[in-house]
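These protein sequences, in sequence, are chains A and B. Numbering-wise (full-length UniProt numbering), the first sequence opens with residue 1 and increments by one. Numbering-wise (full-length UniProt numbering), the second sequence opens with residue 1 and increments by one.
Hints should not be assumed to be uniformly reliable.
Pair ranges (Cβ atoms, derived) [to be verified]:
1) A:L131 x B:S162: 54 to 62 Å
2) B:E181 x A:I245: 41 to 49 Å
3) A:A174 x B:S110: 38 to 46 Å
A few chain B residues that don't get close to chain A, going by computed Cβ distances all over 10 Å [as the list claims (entries may be wrong)]:
4) I22
5) R112
6) H118
7) E176
8) R226
9) V234
10) A235
Keep in mind that the hints were calculated from the coordinates and are not lab data. Fair warning: this is a prediction, and the values are worked out from it, not measured in the lab. For each residue, glycine too, the CB sits at the ideal point set by N, CA and C.
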Amino acid sequence: MKASLRRIWGLVYRHLCLYRRSWPRIVELAYWPTLELLIWGFTAQFVVHGQASVALKAGGALIGGVLLWEVALRAQMGVTISFLEEIWSRNLGHIFVSPLRPSELVAALLCVSVMRTMIGLAPAALLAVFLYAFNIFSLGLPLLLLLLNLMLMGWWMSLGVIALLFRYGASAEALAWTLAFGITPLACVFYPVAVLPGWLRPIAKIIPAEHIFSAMREILYINQINWAQFLWALGLNGIWMLAAIGIFSLQFRAARTSGALISIGE
Amino acid sequence: MSAVIVRDLSKCFGAVTAVDRISFTVPNGATIGLLGGNGAGKTTTISMLLGILVPDQGSIEVLGHDMAHDRFAALARMNYSSPYVALPMRLTVAENLAVYGHLYNVPDLSTRISDLAHEFDLKSLLDRRAGALSAGQKTRVALAKALINRPDLLLLDEPTASLDPDTADYVRSRLEAYRAESGAAILLASHNMSEVERLCSRVLMMKHGKIVDRGTPDALIARYGRDDLEQVFVAIARAATSA
Chain A
1 MKASLRRIWG
11 LVYRHLCLYR
21 RSWPRIVELA
31 YWPTLELLIW
41 GFTAQFVVHG
51 QASVALKAGG
61 ALIGGVLLWE
71 VALRAQMGVT
81 ISFLEEIWSR
91 NLGHIFVSPL
101 RPSELVAALL
111 CVSVMRTMIG
121 LAPAALLAVF
131 LYAFNIFSLG
141 LPLLLLLLNL
151 MLMGWWMSLG
161 VIALLFRYGA
171 SAEALAWTLA
181 FGITPLACVF
191 YPVAVLPGWL
201 RPIAKIIPAE
211 HIFSAMREIL
221 YINQINWAQF
231 LWALGLNGIW
241 MLAAIGIFSL
251 QFRAARTSGA
261 LISIGE
Chain B
1 MSAVIVRDLS
11 KCFGAVTAVD
21 RISFTVPNGA
31 TIGLLGGNGA
41 GKTTTISMLL
51 GILVPDQGSI
61 EVLGHDMAHD
71 RFAALARMNY
81 SSPYVALPMR
91 LTVAENLAVY
101 GHLYNVPDLS
111 TRISDLAHEF
121 DLKSLLDRRA
131 GALSAGQKTR
141 VALAKALINR
151 PDLLLLDEPT
161 ASLDPDTADY
171 VRSRLEAYRA
181 ESGAAILLAS
191 HNMSEVERLC
201 SRVLMMKHGK
211 IVDRGTPDAL
221 IARYGRDDLE
231 QVFVAIARAA
241 TSA
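In isolation and in its complexed conformation, chain B is listed as follows:
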């Protein structure tokens, strides 16, 4: 079973083709990496998966729901985190989690917030305003928000951007643990290749809106004759456009 099935998906903004007839699946319980340089089409793809952007062509099925006609049923079972989208900074951490708990209709919300506070080491931060937190603390809160509804599909846009190595490692550990215990699918857009190698079972390489290659990190490294995924990324980025 696949949590996400994307078929022949395209999106243009005027004369610019941001996403060009891509197709892929995200199996249940897998973490899939969505890689590509700036402007490759990753954020546009994620936006369409979230239903916030309507495709020009193609179809998206998320957790058995057609996003064109039944997106709210899917949205209730998925969640999203990005360092580029903030939580209301004047609300406390507890209030922010409560707001999203209500929006996602989470049962027994106070217990769920307490569990997440324990899991992400947020207990001492619950009564602090979100705007007064450090970048690492904000990321932990954002991740707690993303898991508030125990999503079956988690979309993450550069979840460890601008974090110190210790906090980034902590975030990756929590994501691995959540996937292992929940069986959720994760689609991860990232520029951090070591993170992708660690977390992702398969990788989709995007360039100019197309998926130009795909496979396991090891298979891609072997196919391009490189030492690691970062070198593969650079090789693909610098290859001719027709690659």
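Same shape as in the complex, but just chain A:
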């Protein structure tokens, strides 16, 4: 157990070294979340200007949606970009012939993902307080459940992307940046699922984000916690996570058989 934790720390330390020496990397972490917040925050201000309290709440839901959806996006990118760092530095050959288990590799990448997400979102969350008087932390304890579910969603997506990297090599790199964005229309971040055409709703319903943001809107609109939505999100995340772990394991084994691990960066 102790050796396992040390191996995980070894890989986390490798990424900490990378970030502590590179301010552009740190800035990049916070750049997009902050930019998104500024664009949607001012849009919300324009829409709700002088309107009734319902519109004000809708503006809050818009800003909350921006901030929380970034959690899932950053969690996913935190894992996949950290994995890609190993491909870019042609270091995977050393990693995979060390005693580091695949599960420890994933655990280390998840730790890096948490750090990247926190660093990336802290400036945006603070700006939301100062610019739009929206304090995401006022959601209280349910915020932790929202964050947990969104992190889980980001993580299973990232395991899926890494599985594709095992299968298709660096040519699947673009998915690391775009996969989660592609899900956004069906995640119902800014609107309820009822807005979608009928045939799309069942698909949206199997995405945990739909339930997470539905719960968030209920908290903001009527100050009520819908535990059923949280449970749906948690259950769906569990199912997707198991599926992602299965696909990751299968693709890792297939890559060891086909020789893809040797040529993954090419």
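Starting from the known structure of chain A, arrange chain B on it as the hints suggest.
Then chain B, alone, in the frame of chain A:
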């Protein structure tokens, strides 16, 4: 006792047979050369020994562990170096060694890094980024990384490729010294025949995925009636495929 026991090992990539039913052993404390032209199957063989590639057939036992079922126990006691696999270039030399020290669970890591820095003349380089080093310096760092866990088995893929003669000689000296003091086994894939003659007690000659000949460098030179191992290599490479 053998550090490596390979039995009837095969690997195909589609219609191409990269390694074809090879068997060999690497005794403890010996340096064995794995020779062959490009595409002979050396890198595929080393990849299977490292557990990064699964064989289609046969078995590999490394340091008493079956690589099919217990590879992580073996990986903790072995290490690998190749100029074709890099270390993170934005990390300093000290950070790189620390990362791998943690991955290999090396006790008293700062002392071990200090010892390796002394041994490989890296003290002045410890705070420099790996990406800013010359080829010779990178090779010394890669070798320090390969010895960080005091491995009982060292797999080296062309460890002196693209090095100047002075640095290459330095690397060979360090490898000889490490083997002598640790009793470790070394499997060396190389295209440099003088290096193989100097370091290896036995040689495996590969061609088209098969081991076509084996023996001590002197025995091979005598068997083929040549002056040195390079001439033996060329003779085998140019012989009919059925050789």
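Whether I22 of chain B stays farther than 10 Å from all C-beta atoms of chain A, as the label says | holds, 17 Å
Beyond 10 Å from every Cβ of chain A: is that where the Cβ of H118 of chain B lies?
-> holds, 23 Å
Range hint 54 to 62 Å: satisfied by the CB atoms of L131 of chain A and S162 of chain B?
-> Since the Cβ atoms of L131 of chain A and S162 of chain B sit about 55 Å apart, the hinted range of 54 to 62 Å holds.
Claimed clearance of chain A by E176 of chain B, with the beta carbon kept past 10 Å = With a cut-off of 10 Å, E176 of chain B remains clear of chain A, as the shortest Cβ separation is near 23 Å.
V234 of chain B: least C-beta distance to chain A exceeds 10 Å?
-> Holds: least Cβ distance 28 Å, greater than 10 Å.
Determine whether the Cβ-Cβ distance between E181 of chain B and I245 of chain A falls within the hinted range of 41 to 49 Å.
-> Once the Cβ atoms are compared, 44 Å apart, the range 41 to 49 Å for I245 of chain A and E181 of chain B holds.
Non-interface claim for A235 of chain B, where every Cβ of chain A lies beyond 10 Å = A235 of chain B is indeed farther than 10 Å from all Cβ atoms of chain A, at 30 Å.
Could you check that no beta carbon of chain A comes within 10 Å of the beta carbon of R226 of chain B?
-> Its Cβ never comes within 10 Å of chain A, the nearest being 34 Å, so this holds.
Quick one: work out the minimum CB distance from R112 of chain B to chain A and report holds if it exceeds 10 Å, violated otherwise.
-> For R112 of chain B, whose nearest Cβ neighbour in chain A is about 14 Å away, the distance exceeds 10 Å, so it holds.
Falls inside 38 to 46 Å, the C-beta gap from A174 of chain A to S110 of chain B?
-> For S110 of chain B against A174 of chain A, whose Cβ atoms are near 41 Å apart, the range 38 to 46 Å holds.
Checked against the numbered hints listed earlier, the structure breaks none of them; every hint is satisfied.
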